[in-house]
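Going down the list, the protein sequences come from chains A and B. Residue numbers for the first sequence follow the working numbering, so the first one is 1 and each next one is one higher. Residue numbers for the second sequence follow the working numbering, so the first one is 1 and each next one is one higher.
Quick caveat, the hints were computed from the structure, so don't treat them as lab data. For every residue, glycine included, the Cβ atom is placed at its ideal position computed from N, Cα and C.
Computed footprint of chain B on chain A; a stretch qualifies when at least three of its residues, placed anywhere within it, have a C-beta under 8 Å from a C-beta of chain B:
| id | segment |
| --- | --- |
| 1 | 26 to 36 |
| 2 | 290 to 300 |
Okay, derived cross-link-like pairs now, DSSO-like style, lysine-lysine, Cα gap no bigger than 27 Å in a straight line:
| id | chain 1 | residue 1 | chain 2 | residue 2 |
| --- | --- | --- | --- | --- |
| 3 | A | K319 | B | K44 |
| 4 | A | K45 | A | K356 |
| 5 | A | K319 | B | K88 |
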Amino acid sequence: MEETLKTTSLFGQHQKENAKLIPFAGWQMPLEYRGILEEHRTVRKKLGLFDLSHMGELEISGEGALDFLSEMITGNLTLVKPGQALYSVMCRDDGGILDDLVVYRMENKFMLVVNASNTDKISKWLEEHLPPDVSVKNRTDEIALLSIQGAPAETFLQHFCPDKLSALSYYHFIQSSVFEIPAIISRTGYTGEDGFELYVEAKQAPLLWEKIREREIPPIGLGARDTLRLEATYLLYGNDMDETTTPLEVGLSRVVKFEKEKFIGKQALLRQKEMEVPRKLIAFTMDDRSVARKDYPILLEGKNVGRVTSGTFSPTLEKGIGLGLVETMLTEWLSVGSEISVEVRGQPHPAIVSKKPFVQGSVKRGT
Amino acid sequence: MVPEDRLYTKEHEWISIDGKKAKVGVTDHAEEQLGDIVYIELPKKGGNVKQMTPCGVIESVKAVSEIYAPVSGTVIEVNSTLNDHPEKVNQDPYGEGWMFVVEMSNPSEVSSLLKAPDYLGLVKA
Numbered sequence: 001m002e003e004t005l006k007t008t009s010l011f012g013q014h015q016k017e018n019a020k021l022i023p024f025a026g027w028q029m030p031l032e033y034r035g036i037l038e039e040h041r042t043v044r045k046k047l048g049l050f051d052l053s054h055m056g057e058l059e060i061s062g063e064g065a066l067d068f069l070s071e072m073i074t075g076n077l078t079l080v081k082p083g084q085a086l087y088s089v090m091c092r093d094d095g096g097i098l099d100d101l102v103v104y105r106m107e108n109k110f111m112l113v114v115n116a117s118n119t120d121k122i123s124k125w126l127e128e129h130l131p132p133d134v135s136v137k138n139r140t141d142e143i144a145l146l147s148i149q150g151a152p153a154e155t156f157l158q159h160f161c162p163d164k165l166s167a168l169s170y171y172h173f174i175q176s177s178v179f180e181i182p183a184i185i186s187r188t189g190y191t192g193e194d195g196f197e198l199y200v201e202a203k204q205a206p207l208l209w210e211k212i213r214e215r216e217i218p219p220i221g222l223g224a225r226d227t228l229r230l231e232a233t234y235l236l237y238g239n240d241m242d243e244t245t246t247p248l249e250v251g252l253s254r255v256v257k258f259e260k261e262k263f264i265g266k267q268a269l270l271r272q273k274e275m276e277v278p279r280k281l282i283a284f285t286m287d288d289r290s291v292a293r294k295d296y297p298i299l300l301e302g303k304n305v306g307r308v309t310s311g312t313f314s315p316t317l318e319k320g321i322g323l324g325l326v327e328t329m330l331t332e333w334l335s336v337g338s339e340i341s342v343e344v345r346g347q348p349h350p351a352i353v354s355k356k357p358f359v360q361g362s363v364k365r366g367t
Numbered sequence: 001m002v003p004e005d006r007l008y009t010k011e012h013e014w015i016s017i018d019g020k021k022a023k024v025g026v027t028d029h030a031e032e033q034l035g036d037i038v039y040i041e042l043p044k045k046g047g048n049v050k051q052m053t054p055c056g057v058i059e060s061v062k063a064v065s066e067i068y069a070p071v072s073g074t075v076i077e078v079n080s081t082l083n084d085h086p087e088k089v090n091q092d093p094y095g096e097g098w099m100f101v102v103e104m105s106n107p108s109e110v111s112s113l114l115k116a117p118d119y120l121g122l123v124k125a
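Sequences and hints are given; from them, build the entire structure.
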């Protein structure tokens, strides 16, 4: 039963903060420090600090790195300049999603940031397809990832950073420093708020954490990370997508660039696009006080049309919210405002199809 | 914290007995494990509950969990304050966070419940 869980370089800090710890994708991670509701509201209203060092970092370098990655992901890297990041997915031949990831384009290499649960799988997948002039290095253990999220993130961080952060737009990054600790500062996040992700050497992470904590920025656990991302309708791998779903089904068509000559999964996805996408991902709010959870059935006029992929209580809207995969054929006329039901413990409960995102935060999306 | 003046179930409910009446709630350990509670579905007043059978539901932000009836009987009172203030269970599980009162139909069932030191042993294990 007892498997050895990995810990991040900030484990000592989490213990000191008295965090409630849980096993997550093979790591022992903080679920919450003071309660999910309070932590969630802190990020929506002020600023919060996350340890995301469990995320995987894979470095891709060599002559053929660009061509290689272009074939591995669905996105178009030729439009991405050094200093820019790209959100994309990696698919199997049949179009099933292996992972969703962020690709950082550096001067002469790339850094892929992948889900903790998929780091080994993706690392292996890349190795299997690797041409001789490209190399992959798993740097997860050497790199720590801290994230500062909330509307005042830029103002706060600017005090401790020599570079002009207002010049850094969404999905752009710079090699800089924070509190004189060398860091890649990236204007990215998973909360719906403006914010920055800081990649630093693992051994420097405790010092950086302490410096930020001294400025009264509270720590936020994975519990609030999940409620924040769901309010912002960001998808979670393993819930809203996996190898049995395609990017077209889960509403990620925008990251699939069919104009590219080739990428793994292109043929299958093209076929799906030309025929019909069998399922689609919808967002809904509960219309009573119940809370939808993963795998609860979604009903339309009493008929089972799909299942919930993510469900929680929204601290901002103060009601149940969720995402669900439904059969396209059976739900053709569904639109924002349509009434559906979610089966909660055997009973249908009313729900309403919602716009995405549920909550509009301070993030400046854009290109 | 496990008060000595009541009995406990293995499913983390507490029960405080006054004659045939038994007041029910969940323990500090239970609310701590659940985290922020956002919704509670209590048994209906006037309804019957059966010992160690689910009779209600607690939704926290991250999970859902059932409330088991520690004893059988008729529900004669429910704490309707929890409809609008489910957080009372987090704040004061043994006091203001009480959930319902059962008039016991079979008071001998009480003998199967745990005393405070035994319950403490269970949650410490």
